[in-house]
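Number of protein chains: 2
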Amino acid sequence: MSSNTHGNLIIGQSGGATAVINASLVGAVEAAMKDTRIDGIYGMRYGIQGLLKEDIIDLRQQPADLWPRLLVTPSAALGTCRYKLLEDDPERAIAILRHYNIHYMLYIGGNDSADTAHRLAQAAQHVDHDLQTISVPKTIDNDLPFTDHCPGYGSAARFIALATIDSTMNTISIPWHYPVKVIETMGRDAGWLAASSALGKRNEIDAPHIILMPEHTFNGERFLEQVEDIYRRLGYVIVVAAETIRDEHGQPLGSIGQVGTDAFQHPLLSGTAQYLVELVEQHLKLRARFEKPGDLQRMASNCISRTDRDEAYLVGKMGVHALLEGESDKMVTLVRHTEPVYSCTTDLVELAKVANEQKLMPAAYLDESKTMVTQAFYDYALPLIGGPLPQHAKLEMTRIHK
Amino acid sequence: MSSNTHGNLIIGQSGGATAVINASLVGAVEAAMKDTRIDGIYGMRYGIQGLLKEDIIDLRQQPADLWPRLLVTPSAALGTCRYKLLEDDPERAIAILRHYNIHYMLYIGGNDSADTAHRLAQAAQHVDHDLQTISVPKTIDNDLPFTDHCPGYGSAARFIALATIDSTMNTISIPWHYPVKVIETMGRDAGWLAASSALGKRNEIDAPHIILMPEHTFNGERFLEQVEDIYRRLGYVIVVAAETIRDEHGQPLGSIGQVGTDAFQHPLLSGTAQYLVELVEQHLKLRARFEKPGDLQRMASNCISRTDRDEAYLVGKMGVHALLEGESDKMVTLVRHTEPVYSCTTDLVELAKVANEQKLMPAAYLDESKTMVTQAFYDYALPLIGGPLPQHAKLEMTRIHK
Numbered sequence: 016m017s018s019n020t021h022g023n024l025i026i027g028q029s030g031g032a033t034a035v036i037n038a039s040l041v042g043a044v045e046a047a048m049k050d051t052r053i054d055g056i057y058g059m060r061y062g063i064q065g066l067l068k069e070d071i072i073d074l075r076q077q078p079a080d081l082w083p084r085l086l087v088t089p090s091a092a093l094g095t096c097r098y099k100l101l102e103d104d105p106e107r108a109i110a111i112l113r114h115y116n117i118h119y120m121l122y123i124g125g126n127d128s129a130d131t132a133h134r135l136a137q138a139a140q141h142v143d144h145d146l147q148t149i150s151v152p153k154t155i156d157n158d159l160p161f162t163d164h165c166p167g168y169g170s171a172a173r174f175i176a177l178a179t180i181d182s183t184m185n186t187i188s189i190p191w192h193y194p195v196k197v198i199e200t201m202g203r204d205a206g207w208l209a210a211s212s213a214l215g216k217r218n219e220i221d222a223p224h225i226i227l228m229p230e231h232t233f234n235g236e237r238f239l240e241q242v243e244d245i246y247r248r249l250g251y252v253i254v255v256a257a258e259t260i261r262d263e264h265g266q267p268l269g270s271i272g273q274v275g276t277d278a279f280q281h282p283l284l285s286g287t288a289q290y291l292v293e294l295v296e297q298h299l300k301l302r303a304r305f306e307k308p309g310d311l312q313r314m315a316s317n318c319i320s321r322t323d324r325d326e327a328y329l330v331g332k333m334g335v336h337a338l339l340e341g342e343s344d345k346m347v348t349l350v351r352h353t354e355p356v357y358s359c360t361t362d363l364v365e366l367a368k369v370a371n372e373q374k375l376m377p378a379a380y381l382d383e384s385k386t387m388v389t390q391a392f393y394d395y396a397l398p399l400i401g402g403p404l405p406q407h408a409k410l411e412m413t414r415i416h417k
Numbered sequence: 016m017s018s019n020t021h022g023n024l025i026i027g028q029s030g031g032a033t034a035v036i037n038a039s040l041v042g043a044v045e046a047a048m049k050d051t052r053i054d055g056i057y058g059m060r061y062g063i064q065g066l067l068k069e070d071i072i073d074l075r076q077q078p079a080d081l082w083p084r085l086l087v088t089p090s091a092a093l094g095t096c097r098y099k100l101l102e103d104d105p106e107r108a109i110a111i112l113r114h115y116n117i118h119y120m121l122y123i124g125g126n127d128s129a130d131t132a133h134r135l136a137q138a139a140q141h142v143d144h145d146l147q148t149i150s151v152p153k154t155i156d157n158d159l160p161f162t163d164h165c166p167g168y169g170s171a172a173r174f175i176a177l178a179t180i181d182s183t184m185n186t187i188s189i190p191w192h193y194p195v196k197v198i199e200t201m202g203r204d205a206g207w208l209a210a211s212s213a214l215g216k217r218n219e220i221d222a223p224h225i226i227l228m229p230e231h232t233f234n235g236e237r238f239l240e241q242v243e244d245i246y247r248r249l250g251y252v253i254v255v256a257a258e259t260i261r262d263e264h265g266q267p268l269g270s271i272g273q274v275g276t277d278a279f280q281h282p283l284l285s286g287t288a289q290y291l292v293e294l295v296e297q298h299l300k301l302r303a304r305f306e307k308p309g310d311l312q313r314m315a316s317n318c319i320s321r322t323d324r325d326e327a328y329l330v331g332k333m334g335v336h337a338l339l340e341g342e343s344d345k346m347v348t349l350v351r352h353t354e355p356v357y358s359c360t361t362d363l364v365e366l367a368k369v370a371n372e373q374k375l376m377p378a379a380y381l382d383e384s385k386t387m388v389t390q391a392f393y394d395y396a397l398p399l400i401g402g403p404l405p406q407h408a409k410l411e412m413t414r415i416h417k
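Chains as they are written, first to last, in the working numbering: chain X, 16 to 417; chain Y, 16 to 417.
Chain X with its partners taken away, still in its complex shape:
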């Protein structure tokens, strides 16, 4: 299809939702509404799963005040999915797209979603349906390759950095009550989110003191030594651990067999944080507890990074522009500029290169201990989380003497 003919556009959201994925949707819809080459603007409900069921809604039939409100609404308003295409799905999807006269497809998602968009692009070529597909990056995990960072990460990172600052305030107010606290973040393969807990840390005393990332094998003895050493120096220890940390056998901490089976005789998954709490209590005889903010990491509407939201809007808009320029089978990427100040423009990369590839934390972002970030990580991540983090006030401890 040449880039000046008409057709319908369909937009989908896929994978884990984020606090700003709707900003990409709004950016895309607003760009599409400005161009007369696009007729219908459709949404697939629950991503490709909805498309395969022909669960398609009309994005032109929305109240005028919806889009600015959706811009600041977390989660995926279209609904999302975590669905791996079956063998004959691409062909079925193309038949449906053809039926609805859809020639433009924008798919907002992470690695798996890029794979889906790529396979649809290939299938369309195979059956000779004029279809352009563009993928728009989105993931709190920040693990997509070729893009400087991923929309969604900045807001989740802001949440985790602030949660670490605030929650630690409680520990400091009464350190001996529960001297060891473990905060469990999301992150099955990449440590970007766990690492972001350090973004409010200004010195060695500030939390977190130990960050456990999926990229590095857990060594229990070393961990306990670190905890004990920090406890001796500060009187408390804040640990941030990604949800999946593996031991030297590749077994995730807190998985089957490590904590026992429950009364119902099925394996008990205690999770990383609870495992670490048990380990500390058992071996160091220190009171420990864990926190697991869960989906709030993705969704906290009062932790949205303005930068993240603006960039999510930008990649949505530029996705539509790319379609209108005749591009296909590509993902929008963010390109960082640092002069005169931080800013991002966009580029495109071929989906074949992106799909199912993961970008893990580079070695340069971790110090020798592999449990703390370096200045290079701060330089990378601080511009992404929007405004500065709060610096909480402290009393001067001027003693009264007898």
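Hints are all accurate, no fakes.
Same chains, same label: a pair holds when it works inside one copy or across any pair of copies.
In silico DSBU-like pairs for lysine-lysine, Cα to Cα no more than 35 angstroms straight-line:
id : residue 1 : residue 2
1  : Lys374    : Lys385
2  : Lys99     : Lys300
3  : Lys409    : Lys374
4  : Lys300    : Lys409
Simulated from the structure, these hints should not be mistaken for laboratory data.
For clarity, every value in this text was computed on a predicted model and none was experimentally measured.
Knowing the structure of chain X, use the given hints to seat chain Y on it.
Same frame as chain X, but now just chain Y:
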């Protein structure tokens, strides 16, 4: 001591910290600085435990810009304690107060702290030391009697209400991924915090769908029936459970023996939320997971209720005023007015009546199921959480037809 002689004032913070307990400290210090009858303004570090160690700091020796910054800083800047007085502690404490020429004491805390203040007042009388003690209410648990509500609760309630709204957005975006979610709130005896999860609920479909409160015995069969019923109707279920829920034998859910013992051969406490997740997965074969925001409930600096902060400041200030009016052995209370709009003034109640008494959720705030709140609870709690909660935008689901 008559109310127009001079003396030093000491202020302490005690019990679990809150997001606004420092506002009470600032209110007290600013009131004290305005009155020439007060000489030194001292702070005990870590409450009565610090006093007993003569760990006393000078609150007049602080940078001028500290107080407005501390007003918006969560947690207890003086440090706090959870300490039950030993038999000879009150007399020792009085000797120290006498030594430092302290005749005014303000103690910001919950039930146990009221008991401490009361015992010091009695001990001072016993050994004939001129001491006035006033207790200033503070607790996220909202369980102090005689006061309409407790400073600290409004901000924690705001956090929980918002966390429930936001986290549910994720479930709605992909309901079948984990159709059952359990959010665990604080609350060992009283359900005020768990109940506050409903403050953003505007209809039957909105979350939460089931609230489990410590005041009511857990019935597993009934719970599973409720979960199944809601799942059939909506496709997902959001449960909010207080950290301590007891079964018909008075045993807390997820405590010793109910989930098994771990590999280290010591009892495993899985906690309420994890117990409920296991129960649902085992009996209903539905994927379930839990979230446990932990100390963030007390400390979230971006969820502070303006009303809560203003009232925390007020009770601190009025505590000092009460001391200067010659009052002693009393706690400041909040008195609600509803005409023409919500507002609070303060009063005093004798500490002997307050100490170790708990105010649980009244029957009128719960419906027949005991797992959902009534309109009366909304009328009570909504004014306490500050501004309105966000109403997230939703797309109109106008279908495209073939």
